[in-house]
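K.L.:
The primary structure of each chain is shown beneath.
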Amino acid sequence: MIEARELTRTIDGNLILDALTFTMEHGGMYGIIGPNGAGKSTLLRLMSGVDAPTSGELTLEGKAASAYGRKELARWVAVLQQGGLDPANFTVQEVLSLGRYPFQNWLGEEKRDTGPLIDRALEQMGLLHLAERKIDRLSGGERQRVALAKVMVQEPRLLLLDEPTTFLDIGYQVGLLDTVKRWQQEERLTVVAVLHDLNLAAHYCDKLLVLHEGRLVAFGAPAEIIETELIDRVYGTRAVVVPHPVTGVPQLLLQPSAESGAVETRG
Amino acid sequence: MLLLAASIVISLSIGSAALPISEVWGILIDQLPWLGDGSAKWDESSVAIVTQVRLSRILLAVLVGACLSLAGAGFQGVLRNPLADPFTLGVASGCSVGAAFLILFGYQTIVGIWTIPVVAFGTGMITLIVVFALARARGAMNVETLILSGVIVQAFLGAFVSFMVSMSSSVVNEIMFWLMGSISGRGWEHVKVVLPFLIVGFPVLIRFAQPLNLFVFGERHAAHLGVQVERTKLIVLLTSTLLTAVAVSMTGVVGFVGLVVPHLVRLLVGSDYRLIVPLSAIGGSIYLVWADTLARTALSPKEIPLGVVTALIGAPFFAYLLYRRKTKQGGAI
Chain A
540 MIEARELTRT IDGNLILDAL TFTMEHGGMY GIIGPNGAGK STLLRLMSGV DAPTSGELTL
600 EGKAASAYGR KELARWVAVL QQGGLDPANF TVQEVLSLGR YPFQNWLGEE KRDTGPLIDR
660 ALEQMGLLHL AERKIDRLSG GERQRVALAK VMVQEPRLLL LDEPTTFLDI GYQVGLLDTV
720 KRWQQEERLT VVAVLHDLNL AAHYCDKLLV LHEGRLVAFG APAEIIETEL IDRVYGTRAV
780 VVPHPVTGVP QLLLQPSAES GAVETRG
Chain B
20 MLLLAASIVI SLSIGSAALP ISEVWGILID QLPWLGDGSA KWDESSVAIV TQVRLSRILL
80 AVLVGACLSL AGAGFQGVLR NPLADPFTLG VASGCSVGAA FLILFGYQTI VGIWTIPVVA
140 FGTGMITLIV VFALARARGA MNVETLILSG VIVQAFLGAF VSFMVSMSSS VVNEIMFWLM
200 GSISGRGWEH VKVVLPFLIV GFPVLIRFAQ PLNLFVFGER HAAHLGVQVE RTKLIVLLTS
260 TLLTAVAVSM TGVVGFVGLV VPHLVRLLVG SDYRLIVPLS AIGGSIYLVW ADTLARTALS
320 PKEIPLGVVT ALIGAPFFAY LLYRRKTKQG GAI
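Chains as they are written, first to last, in the numbering used here: chain A, 540 to 806; chain B, 20 to 352.
It is worth saying that the hints were derived from the structure and are not from the lab. Hints may contain errors.
Partial pick of chain B residues on the chain A-facing surface, computed with a CB cut under 10 Å [unchecked claim]:
#, residue
1, 237
2, 239
3, 246
4, 290
5, 317
Just so you know, even glycine gets a beta-carbon here, dropped at the ideal spot from N, CA and C.
Using the sequences and the accompanying hints, generate a full structural model.
P.N.:
Next comes the structure, spelled out in structure tokens:
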């Protein structure tokens, strides 16, 4: 589905991504993790075809991402941006119908009746009662749900998420990723998500790609990635890795450094 | 549309020589070749007033109003800036520099009436680029900074036009009227110049109405949904500037029309540009027909410049928008 070969991107002379090579298979859920400034969002922008690589190649289904027409690509690749939707004077329903833009003619019409599609997305995201509400009257969490419903309506085969859980309460974070995961499995979507929270990433992703200073440090299953040495090397902090008591997935427990005085080691 | 037709007819009948509406209707219908029987039912001077003096003038108001409102809607959409309009961005003043240069120094008679809009378009585009360069800091453009840059450029260019006026040998009174924005003394040949520009510009903006809807959420967002962002911006900005240029060439700087009308339309029908664009065109026509009727009748027989009327309405409106933005900071367009 996605293939990167020697993928390199420089911005104003600064090397942001340095010769990445990896392959992402159809139908998987992939997480991109790494510290701030590692190049995660830049990589996602290359995948969405908005930016072109400086050198190397990034292909989506065999064709360079930046070589697709914008509308052509939007028919099967959807992006959920960081921070969700800006407030605007549109109702939830109107926002979702704008999500059909790649399939519409210049009048905003489409041959197919999209009513049922929009209703289903509203229902799945628990937005039915808000359908007629203007989105500048919604809370941040509700707006993020609208944003996800909008990409659902786009019916993508590849979904790119850029830190979808930032600014959300923990309840919404889990809820959002649950929804994405369920949708991904039902429709056999490929999902690539930039995630900040390593514990959530370990739970939801089949494979994690670790970026550090623009280089690919590791790419593998969460069990191989979430381990003390690697985390220390990339994030510069020593953490304890324990299996989740219910799911058994490796989880990180952060640990203050010994000299801070915050730790009294027991036994 | 009906409202526009009614406005035209009523406005036709208002003037220093009062004519009843029924007579205006009659004269208009008589002008239609397949209905008029050629018999002189009406007083010849009435016919002349209606067809020669008033009709051309009112039609020009219709066209110019549509141009300016469309340009305002276009600028607001693509810049995501509710305070943008040909006047506040300084584009109108930029166009007036080019137009004034030609008019004042008499080049228009040599190269024909069509060159004025073309040259005005050129100076308008240059102005827009200068305003953007002033407003842009690290790639981002703040709403207020952009308007501030527009106002600065406009003040400078206004002084420059005044300088040209003082240097020229033309009848200053006439030029001053043009500077303040007026459609007095314009005839059918002006209508014929504006019409083709509108016929081209209007469908272009309609075509880009749906992409403009997506711009509301941000340019990146629009790009992800399949909008060719740079191309859309370029075409809408060019079209809006062109419409401004042709309007300014004919009537001088008539300010705030592109600000007031799209906002009133938004209050009525919401934020969908597929409705805002066509309704702004019609609304702008109605607005300017009435503003011009007011301009020529309020202190009759003395005439107020049209630009003065629209500024007297528009500036307080602008202040109101600014105030509302302040009270709900970060509010949507």
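K.L.:
Determine for every hint whether it applies to the structure shown.
P.N.:
Structure-based check of each hint:
1. 237: Given a least distance of 6 Å, the restraint on residue 237(B) holds.
2. 239: holds (7 Å)
3. 246: It holds, given that the least Cβ distance between residue 246(B) and chain A is near 7 Å, below 10 Å.
4. 290: holds (4 Å)
5. 317: Hint violated; residue 317(B) Cβ to chain A Cβ min 36 Å, cut 10 Å.
Comparing the model with each earlier hint shows a violation of hint 5 alone; every other hint is respected.
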